[in-house]
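If you want the building blocks of each chain, they are given just below.
Protein chains: 2
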Amino acid sequence: MRATMIHAAGDIRLSEVPDPTMQADSDAIIKVLAGCVCGSDLWSYRGENEVSEPHTIGHECIGVVEEVGSGVRDFSPGDFVIVPFCHADNTCPHCAVGMHSVCDNLGFTVSGQAEFARVTQADGSLVRLDGVPDDSMIPSVLALSDVMPTGWHAARSARVGAGHTVVVVGDGAVGLCGVLAASQMGAERVIAMSRHESRQKIARSFGATEIVAERGEEAAERVADLTSGVGADAVLECVGNGQAMETALRVARPGATVGFVGVPHGIELPVRTMFRRNVGLAGGMAPVRAYLPGLLELVVSGAIDPGPVFDAVMPLDDVAEAYRAMDERRAIKVLVRP
Amino acid sequence: MRATMIHAAGDIRLSEVPDPTMQADSDAIIKVLAGCVCGSDLWSYRGENEVSEPHTIGHECIGVVEEVGSGVRDFSPGDFVIVPFCHADNTCPHCAVGMHSVCDNLGFTVSGQAEFARVTQADGSLVRLDGVPDDSMIPSVLALSDVMPTGWHAARSARVGAGHTVVVVGDGAVGLCGVLAASQMGAERVIAMSRHESRQKIARSFGATEIVAERGEEAAERVADLTSGVGADAVLECVGNGQAMETALRVARPGATVGFVGVPHGIELPVRTMFRRNVGLAGGMAPVRAYLPGLLELVVSGAIDPGPVFDAVMPLDDVAEAYRAMDERRAIKVLVRP
Chain A
1 MRATMIHAAG DIRLSEVPDP TMQADSDAII KVLAGCVCGS DLWSYRGENE
51 VSEPHTIGHE CIGVVEEVGS GVRDFSPGDF VIVPFCHADN TCPHCAVGMH
101 SVCDNLGFTV SGQAEFARVT QADGSLVRLD GVPDDSMIPS VLALSDVMPT
151 GWHAARSARV GAGHTVVVVG DGAVGLCGVL AASQMGAERV IAMSRHESRQ
201 KIARSFGATE IVAERGEEAA ERVADLTSGV GADAVLECVG NGQAMETALR
251 VARPGATVGF VGVPHGIELP VRTMFRRNVG LAGGMAPVRA YLPGLLELVV
301 SGAIDPGPVF DAVMPLDDVA EAYRAMDERR AIKVLVRP
Chain B
1 MRATMIHAAG DIRLSEVPDP TMQADSDAII KVLAGCVCGS DLWSYRGENE
51 VSEPHTIGHE CIGVVEEVGS GVRDFSPGDF VIVPFCHADN TCPHCAVGMH
101 SVCDNLGFTV SGQAEFARVT QADGSLVRLD GVPDDSMIPS VLALSDVMPT
151 GWHAARSARV GAGHTVVVVG DGAVGLCGVL AASQMGAERV IAMSRHESRQ
201 KIARSFGATE IVAERGEEAA ERVADLTSGV GADAVLECVG NGQAMETALR
251 VARPGATVGF VGVPHGIELP VRTMFRRNVG LAGGMAPVRA YLPGLLELVV
301 SGAIDPGPVF DAVMPLDDVA EAYRAMDERR AIKVLVRP
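Here the protein sequences come in this chain order: A and B. Mapping to the working numbering: the first sequence position 200 is 200, numbers consecutive. Mapping to the working numbering: the second sequence position 255 is 255, numbers consecutive.
Honestly, the hints are just simulated from the structure, not real lab data. Check each hint, because a few of them may be wrong.
[Claimed, not checked] A partial selection of chain A residues facing chain B, derived with a Cβ cut-off under 8 Å: (1) Ala8; (2) Ala9; (3) Asn105; (4) Leu226; (5) Val230; (6) Met274; (7) Leu316.
Positions of the beta carbon are idealized from the N, C-alpha and C atoms, including for glycine.
Isolated chain A, as found in the complex (with noise of 0.2 Å):
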């Protein structure tokens, strides 16, 4: 099949790879009908994660079930899915209180940006519509992926409640899919940091209230300002390195809870400081799978509609160009169809 391999930072390319076969009972391959690029990829191909070897890439997919496993039951070659990034058994304790992102049996899609990827525990872990949903439908059934309910994960990791005034620092489309959460979980204020226009006025579309383009120092104070030197109360940090979570720990309120689903990188969180002021952190993987059927009923119904987070479309054979776009910050996010 054609798949998009990471070879070294910044050296994508669509190869000729092996099919994905059957490793496992309860694995099903599916028929991508379309990826995307994380956000996280990027660790990858900017050199902030090691490439030890070249590999197929991607999470994150929609498709069709091609082939199940003996030991599936609830899924049929036909059946039209989506794929949680992270797979999960559903039924192991982790799982049981949705923890799904901490599955005694967890496994990942690694082949999202390719022509076929396999998912382990299929029964746990697809969740299926009925047929193939419109070409319009595309991009906000594929954010139920991941980057919807990252952002989900991080809101709810914050403890965002109705009245609340929230801080999203990040504007990349899991910090948009933040403002989209908070915003549907009755938000009374939603303070949206980003410096880049078109990213602001997706933000406002999600139910931003106020836009922050400061950084650093300057935006911790911007956010005091406008809390009445209080703070928020509660914050969604979508960046994962250490200038983000820094600014997310200060315009928290003193018993506030900042929500983090960036991938740590470069993060020394200051624990005296948090002490001091009693902000806590809490969040981690999105466990996808604990979300994926109560946001696939908020998109089908209209009340959220994520898929503006896609703000380019290319072939699969452009995925090379796919993250320059994004790297560059051309693009929020690109889907990549096979």
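Place chain B on chain A using the hints.
Same frame as chain A, but now just chain B:
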């Protein structure tokens, strides 16, 4: 007055010093009936916090109002009061959400192990009782000035709930109060980590259902055994050092929160592990005044009795011995009476 002073690590002396005086209209002076030594006083005593110059020490006390400032409306000389170790105006935006320990007008008791103590923000801080309680009630009432609300804050920060399995790291007075708090909040199992038989006994009387005497790696393995490999629903970190925090984070199940209340010393938070396991952290200095009315009711009604954390009573004259006894772990917590 006679007051406890620390001159350097290990050097505690009872000295004659000037009485505290009113410094603001909102102040009150309290004649101390009972004070005590806190685990956090030992940081200075043990040289882990620098003592740059001799100063009075002791932040926990109860007593009778001796004098009030012209701005104090709700208290008069003769009132018997509990003095929260951190003083708060009870009106600022942080107090309004129960974060009295981050009050805009925060103050602290600085001569609790003495004959008199000054309380700033008297109206916002003090809680009155009807008359001087019986001698038998003194320990449990004194515990409300810090140690019991601090254990309570650990449990609240960890979001202990009905039916939970809770682990409490630390068998000092705060840890024991954490056991009492978790039990009172409806935890089904409370696993207390303690190596000392006398403390284990109090822990059990406070509601601990299981004791783990091991430390570090072995303690984590024991908790894994006790929880079928799943971990605890909530964890209270009541020590404040690196090993305790490491253990606390390890024994928390994915999705759980570690509530921490020990002033952090030598703690480096493993942010990537917290992310991978979706284990959160929350807590800090306890907002004593927020919990005080409710806890006082529980004490008066007999629902809780934190008094047994005081396993020694000494006259103020023997305060140096009180420190030694606690430093050498011969005593859990010493009550001193001027």
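We went through each hint and held it up to the structure:
1. The beta carbon of Ala8 of chain A comes no nearer than 23 Å to any beta carbon in chain B, farther than 8 Å, and the hint placing it at the interface is violated.
2. Annotation: interface hint on Ala9 of chain A violated; nearest CB of chain B at approximately 21 Å, more than 8 Å.
3. Contact between Asn105 of chain A and chain B, as hinted, is not supported at the beta carbon level, the nearest pair being about 13 Å apart and thus beyond 8 Å.
4. Using the Cβ-Cβ criterion of 8 Å, the hint placing Leu226 of chain A at the interface with chain B is not satisfied: the shortest such distance is roughly 14 Å.
5. Because the smallest distance between the Cβ of Val230 of chain A and any Cβ of chain B comes to about 5 Å, under 8 Å, the interface hint for this residue holds.
6. For Met274 of chain A, the interface hint holds, since its Cβ comes within 8 Å of a Cβ in chain B; the closest pair sits about 7 Å apart.
7. At about 31 Å, the closest approach between the beta carbon of Leu316 of chain A and any beta carbon in chain B exceeds 8 Å, and the interface hint on this residue is violated.
Hints 1, 2, 3, 4 and 7 from the earlier list are contradicted by this structure; the remaining hints agree with it.
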